[in-house]
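Novice: This is what each chain is made of:
Number of protein chains: 2
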Amino acid sequence: MSTPSPFLHSILILIVSFLCKASAIQQNGARYLGNFWSSSRTLSVRASKYQYETKYFQQKLDHFSFADLPSFSQRYLINTQHWEGPSRSAPIFLYCGNEGDIEWFADNTGFVWEIAPRFGAMVIFPEHRYYGESMPYGSKEEAYKNATTLSYLTAEQALADYAVLITELKRNLSAQACPVVLFGGSYGGMLAAWMRLKYPHISIGALASSAPVLQFEDLVPPETFYSIVSNGFRRESMSCFNTIKESWDVINKVGQIDGGLAQLTKTFHICRELESIDNLSNWLESAYSYLAMVNYPYPTDFLMPLPGSPIKEVCRKIDSLPDGASVLQRIFEGISIYYNYTGKVDCFNLNDDPHGMSGWDWQACTEMIMPMASNMTTSMFPEFYYDPKSNEEQCLKDFHVKPRPTWITTEFGGHAFKSALKAFGSNIIFSNGLLDPWSGGSVLGDVSETIVALTTKKGAHHLDLRAATAEDPDWLLDQRSSEIKLIRGWLDEHYDEKKAVSAYR
Amino acid sequence: MSTPSPFLHSILILIVSFLCKASAIQQNGARYLGNFWSSSRTLSVRASKYQYETKYFQQKLDHFSFADLPSFSQRYLINTQHWEGPSRSAPIFLYCGNEGDIEWFADNTGFVWEIAPRFGAMVIFPEHRYYGESMPYGSKEEAYKNATTLSYLTAEQALADYAVLITELKRNLSAQACPVVLFGGSYGGMLAAWMRLKYPHISIGALASSAPVLQFEDLVPPETFYSIVSNGFRRESMSCFNTIKESWDVINKVGQIDGGLAQLTKTFHICRELESIDNLSNWLESAYSYLAMVNYPYPTDFLMPLPGSPIKEVCRKIDSLPDGASVLQRIFEGISIYYNYTGKVDCFNLNDDPHGMSGWDWQACTEMIMPMASNMTTSMFPEFYYDPKSNEEQCLKDFHVKPRPTWITTEFGGHAFKSALKAFGSNIIFSNGLLDPWSGGSVLGDVSETIVALTTKKGAHHLDLRAATAEDPDWLLDQRSSEIKLIRGWLDEHYDEKKAVSAYR
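Protein chains in written order, with my numbering: chain B, 1 to 505; chain W, 1 to 505.
Note that these hints are calculated values from the structure, not bench results. Among the hints, erroneous ones may be present.
Unchecked claim - Which chain W residues face chain B? A few, computed with CB under 7 Å, are given here:
(1) Phe-64
(2) Ser-65
(3) Phe-66
(4) Ala-67
(5) Pro-70
(6) Ser-71
(7) Thr-149
(8) Ser-151
(9) Thr-154
(10) Glu-156
(11) Thr-167
(12) Thr-366
(13) Val-401
(14) Phe-424
(15) Ala-470
Here a beta-carbon is modelled for each residue, glycine too, at the ideal position from N, C-alpha and C.
Chain B with its partners taken away, still in its complex shape:
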């Protein structure tokens, strides 16, 4: 981040604004997934670490109707350098692109690139529709114009895009016999798992990392996410947890007095005077939540430049101020670890565009309804309940669209999801780090012999998909090694079976 170019700088402002959504503390947790990835764009403006060709494929805008709609060009990144080809039925590793520019996913999913050569595998990273360059209607401006143009931005359409792309690609390469292994992190992990359920003929297995497939309706308690975030702080220090828990009341009280907003603006080094307490609360709450997601064991610059185990650092700061330091002073010092680890930011820009048409915000207002709440017993956040009505009102206001809160569970299985997976699925790894607040909405226990959970106590949001580093702890090496073994097992079984099937047919 040294001497950022003007271009980088403008992106940074954009990102900070992404992080500070003006909605009250996020009741529909889905928004975190999207903003997480959108945020990750800041720090990756550089030449890709990995080699690939960039190609484009014409996709139908609506796979499930025959409306006369313009097709669009889906971008995909492909590397066949290590692929052993159709003659050896060599595997194809496909990363299910999620809610962002596919180049950033490619850059941040080193695991796939690193293991492909040892499998003789082709690597493909198709981009999710409505993100990056894969824009219907020719441009982002047109694609994001209104609810009508955005209406084909759904998970089912994205799954169908992947199914069509891989089928055509295999046909063109005479690679029909080449098994496909899916990868995905976060929402991409959900897509990978759902692909296994909905398109079992397309792939032989999926690594779904940090995929909160159960974070819908009432499948898990709505308090789960914020409880895990809170636990991350409590684990480090009870006094840190308590300071944060107290801070909301203090902010409220200060904010309500005459000149209080000015005082808060000053205390927190906000560039422009705060217009409401909510803006500040959200800014803080976002930081705590993202800290829990990127609570990686070694220094990263994924979302923000951060030390290893950043929550420990935040708490150390909060706790280490001398007696007599105010709650707000402690919070400011703590949060600065997140927002200003490099120490180069003079003041924080909370400018926000609450009605900005971000793709994931659309998804969070249509299908990805992930109820969230915070209760006083387990959470350090203010108490709040999930209110579907107000969520619906907000979505109608922002996008003129009505959420379908029961659609994902109808389409992919609700309470019956695990038993459907058990009876119908095979070869899925649900990998999770238990520090990650999304882990509570994922699958944490083995579902069957071949649908397995790999959890690490100290892992955070899809850490396993990241490139190997010299600082990787043993438990992370073990997790990745288990993943490689499982994938190899799927492939071995596939090759064995294929011989059998060939003989049988």
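Given the structure of chain B, go ahead and fit chain W onto it with the hints provided.
Specialist: Just chain W now, kept in the frame of chain B:
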């Protein structure tokens, strides 16, 4: 069919016109499925044999996009008289409505009604969108106006309709724990099987009767359908087969001479003078194909009033004319068994509306692309090849829509369909009668321990789903008895497992 009302009469004309499509011998066999059912409407205009309530459910027009479209009212027939209710987790039998008025399916699917009481089961027959009363845009006229209004008439949307309906219905009845068993015949059977693959959490098993799920792309040879039709005649009599095989040339020769069309018109008792040989050939070819489908062992009035084993009767007629009778005379006498078994028709009306907007014709021009051909070695029909280009041209002309011939295989599995089913599915019965020309595109061997094929040598198109009659042969009783046992097995296993799952969770 005695003294038909004017209403009945007008439907009869409509039906005869359905039977005689003006396209050359049907290259896209899908059209037969739809017309078969459309045709069945003639003879069922009567009070239903079965008791049910008629209800309506508001459905989204496009489940897979958020376009601002009007919802539509889906009709469903429901009987809860024998249902033992949620407290006993009593089953729900759901027939996947296909391409026609749901009341006719309910009337012609006696098997489901007859077995429901012994299972304490609720019976539901939801209607397929765009058929019967389940019309988007308020009326058939509006729904069938153009390619845009028709564009949501797809199998995937219909499957989603069933998934949403059953999920909501169960929620409203607090019947979430009640297992759903699916039934379907022909295209409805395909939907039932696909539901098992795509919505495994929605049902516990499916009886897919005469479901040609493999009649796509190159999964089975395109000659299959017409070869089976031809075999039906060859089996009865080689001379009958040969007479039919010769007849096409004779018709061509006669048709091409001066006054030839008039001569053919007279020979075949056509009301209005033939405009082309094709019209006559199609009329004959349709009769042979439908005869093979309804080659039931006892007299029926399903499609037309017919004797038992009607192909035997047709061939007996063709063969029994005295030596010296012309080929065309033989053909006319034979075909009259089909078109005029009651002897009440003075002349045949071949009027056709080749561009009539029938729902199934739309489906056959969009997703349901079932390639068909006829070769001289196995077929009694003229030789022809499947020509995707001309099919596409016809669809562009008729509906301004371009077929997607590889979509169904991408969505539901192509060559990998059986292995996907084996790995991912369970509890499907593919029942077929081998006299049925659709049997060649269905699943005729067990796929796994729980995905089984029940075939009868002498059965025709979804005979097993029809109501029991006194004339049912033993092999039919056996087939139905096996089906009942298998369904009971699914339910028993489900109840056993549920206890285990409840204890485990």
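Novice: Against chain B, with CB atoms and a cut of 7 Å, does the hint on W:Phe-424 hold up?
Specialist: Holds, about 4 Å.
Novice: Grab the minimum C-beta distance from W:Ala-470 to chain B and call the hint holds if it beats 7 Å, violated otherwise.
Specialist: violated (40 Å)
Novice: Is the hint on W:Ala-67 kept, meaning its closest Cβ partner in chain B is under 7 Å away?
Specialist: Holds, about 4 Å.
Novice: Checking hints one by one. Is W:Ser-151 an interface residue toward chain B, by the C-beta closer than 7 Å rule?
Specialist: Since the shortest Cβ distance to chain B is 4 Å, the answer is holds.
Novice: Using 7 Å as the Cβ threshold, decide whether W:Thr-149 counts as touching chain B.
Specialist: Given a least distance of 9 Å, the restraint on W:Thr-149 is violated.
Novice: Given W:Thr-167 as an interface hint, is its Cβ closer than 7 Å to any Cβ of chain B?
Specialist: holds (5 Å)
Novice: Quick check on the hint: W:Val-401 CB to chain B CB, less than 7 Å?
Specialist: holds (5 Å)
Novice: May I ask you to test the interface hint for W:Phe-64 with respect to chain B, counting a Cβ-Cβ separation under 7 Å as satisfied?
Specialist: holds (4 Å)
Novice: Mind checking the CB of W:Thr-154 against every CB in chain B and telling me if the closest is under 7 Å?
Specialist: holds (6 Å)
Novice: Tell me if W:Ser-65 is really an interface residue toward chain B, meaning its C-beta lies closer than 7 Å to one of theirs.
Specialist: holds (4 Å)
Novice: W:Pro-70 was flagged as interface toward chain B. Is the shortest Cβ-Cβ separation under 7 Å?
Specialist: W:Pro-70 check fails; min Cβ-Cβ to chain B is 14 Å, beyond 7 Å.
Novice: Identify whether the interface hint at W:Phe-66 stands, where standing means a beta carbon of chain B within less than 7 Å of its own.
Specialist: This interface hint holds because 4 Å falls under the 7 Å limit.
Of the numbered hints listed earlier, those contradicted by the structure are 5, 6, 7, 15.
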